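Use the sequences and the hints to build the structure in full.
There are 2 protein chains.
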Amino acid sequence: MINRSINFTPGPSQLYFTVPDHIRTAFREGIPSLSHRSKKFESIYRDTVDGLRALLGLPADYQIFFTGSATEIWERSIQNLVAVNSFHIVNGSFSKRYFEIAQQLQKQPVKIEFGAGQPFTAEIPVPTDPQMELIAVTHNETSTGVSIPLDYIYKLRAANPQALLVVDAVSSLPFPDFDYSKIDSAFFSVQKGFGLPAGLGVWMVNDRCMTKADQLLSRGISIGSYHTIPSLKAHALKFQTPETPNVLGIYLLSKVIADMLRHGIKRIRNETEYKANILYQALEMHAYLKPYVADKVFQSKTVIVADTGDHTEKITKLLLDKGLQPGDGYGAAKKSQLRFANFPTHAKEHFELLVDTLALN
Amino acid sequence: MINRSINFTPGPSQLYFTVPDHIRTAFREGIPSLSHRSKKFESIYRDTVDGLRALLGLPADYQIFFTGSATEIWERSIQNLVAVNSFHIVNGSFSKRYFEIAQQLQKQPVKIEFGAGQPFTAEIPVPTDPQMELIAVTHNETSTGVSIPLDYIYKLRAANPQALLVVDAVSSLPFPDFDYSKIDSAFFSVQKGFGLPAGLGVWMVNDRCMTKADQLLSRGISIGSYHTIPSLKAHALKFQTPETPNVLGIYLLSKVIADMLRHGIKRIRNETEYKANILYQALEMHAYLKPYVADKVFQSKTVIVADTGDHTEKITKLLLDKGLQPGDGYGAAKKSQLRFANFPTHAKEHFELLVDTLALN
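Heads up: the protein sequence lines correspond to chains R and Y, in order.
Each residue of the first sequence is one higher than the one before, starting from 8 at the first, in the numbering used here.
Each residue of the second sequence is one higher than the one before, starting from 8 at the first, in the numbering used here.
Since the hints were made in silico from the structure, they are not lab data.
If you're wondering where the values come from, they're calculated on a predicted model, not measured in any experiment.
It is possible that part of the hints are untrue.
If you only want the chain Y side, here are some residues facing chain R, beta carbon under 7 Å, derived [to be verified]: (1) PRO27; (2) PRO39; (3) SER42; (4) GLY75; (5) GLU82; (6) GLN113; (7) GLN115; (8) GLY206; (9) SER229; (10) SER232; (11) TYR233; (12) PRO237; (13) GLN247; (14) THR251; (15) LEU255; (16) SER261.
Beta carbons: idealized from backbone N, C-alpha and C, even for Gly.
Right, dumping it as structure tokens:
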């Protein structure tokens, strides 16, 4: 029931290896036609959020909501948390899109941008501005493999205590060990690190976010309709959703989280570090390949981008021959870079085979 | 791989009977981790829209978009098609929610309401108002089993030619044979008549809708961000979506549409009529049950609601003993009504067994 070659594209990526089994169980138990107003659905919702709290160490003042995609969360977070001013750290295509969504929603977003193809240096400034209502940080830029250090993220909020700090962790969770008391919201979509079929976004928000959305609403600002924070929260407290959601996706997420809890989050993080280290080392020692992000401080552990230049096609073919499917470079880098997802489903053995194949060529 | 009892709840309902097979094929072909920017995804999108055009007889000036749910389409249609004035025919809980969403989006919606539990009479007025920008009609009220006659829907637009007529066909398609040249938009979610796992809405819009969204945008009205009609259209023309969508859901929809085309839409419609007729007849002839909607003109063919009064619990148990799962009444009618979905996956034999079981008690 599983596709043979190992998929290293950074999303949708390789399925978590237990997903085919869980799908079979789901059909046996009637999950695909389960009513979202049933007790059974409520218990699946509860399992999912309890599991996620345990896996990520999420504090009690956070609520967990489901949306159609992480793209939707870009929109909902601006709509629900910003009257006028959002501030965006732009370090690639996806963080830029988040900024543009704030413009489309007629807010007045401000950005500091680290130009296309120009990785962060160690001297990124910590801006302060008492007008900032929300600071948007893309923890891991899927397009470039640039990751923003957690220390820097925490400093942003410490310097702007009135602002809400929202972390796009789409292609990094469950790897990063965030201190959730130092941020206000984080979100991801399930087709990356959680290895699930696409079609579900997961949004975690703390009390400060919920208060802010209530304030906007009482000031007469439209924050949307069915997917406002107050509506999502009222339903989440009953382990329900405002609309008929992707029930099968939520069920599969609950099962994969349970698998990850059994495997252990510490072990998942250690294995991720190990796999990232051997791949970066192989790229650094290679005759004609190198990591795109040179500065170790900004190297993503979960999406590793290689400068492959004129060798891109040849390397791709060699990897495919071994059953290893690399991801293309993003946008303009499509023919000069390769991207490798390093998610919990990617086994150490897959990475060892990947590294050996690269080293021999 | 399939759940045993036949699920007559009106959504999420019984899966279309071919879905378990299609899921197996999907996993074999790597669909759950397929990139939404791949050629293969584009061909799945194309198959889905081509199939739907053929199945429903959709004219060439319509585009087909995918969303997370039909609830999302309530929101997007108001956001993209209304500057100020929408008009709502309210005949139950779901059409009322559509009206409320327009209020939440700070438009000035107007409604004519057919009071709770009060079915339509044959003398529904055709309102006219040159201010109306959008007329929202819920073709089939899943909560009450009231269906609005197509003639009446067409008259609404003929009397208000400046308005866009949007039909919520969530629990009726693919059954109704709409004349799409006499409406402007229709939408559904896949977990009802198409018998698929929930988590996907399908929105069909004609050129007039696309022009209206462009007009609002050029007047400086915010129509959203990634799921605006112009953004959805620009991607649809390339058989793509703005965000990472529910790829597996779209794939399954394409396969079920192909199955329905093979079965024949005429046959599906004839079978639906037959099944509805025998159930309504059984209810009318019954000693102590009756159809909730008395007037044949307004009786839904796809969601049939029975007044079961004090016998509700007993009838439910009798049906469950035969492997037939009825749907509860909606809201306040939970203990005094039963609802029966009559979707393409419900076989004539299932309905005959249902009718025989009711007749004997």
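Right, here's what the structure says about each hint:
1. PRO27: 6 Å, holds
2. PRO39: 4 Å, holds
3. SER42: Given a least distance of 6 Å, the restraint on Y:SER42 holds.
4. GLY75: Since the shortest Cβ distance to chain R is 3 Å, the answer is holds.
5. GLU82: 5 Å, holds
6. GLN113: Y:GLN113 check passes; min Cβ-Cβ to chain R is 5 Å, inside 7 Å.
7. GLN115: 13 Å, violated
8. GLY206: 3 Å, holds
9. SER229: Constraint on Y:SER229 satisfied, holds at 5 Å.
10. SER232: 4 Å, holds
11. TYR233: At about 5 Å, which falls below the 7 Å cut-off, the nearest Cβ of chain R leaves the hint on Y:TYR233 intact, so it holds.
12. PRO237: 11 Å, violated
13. GLN247: 13 Å, violated
14. THR251: 5 Å, holds
15. LEU255: 4 Å, holds
16. SER261: 15 Å, violated
Of the numbered hints listed earlier, those contradicted by the structure are 7, 12, 13, 16.
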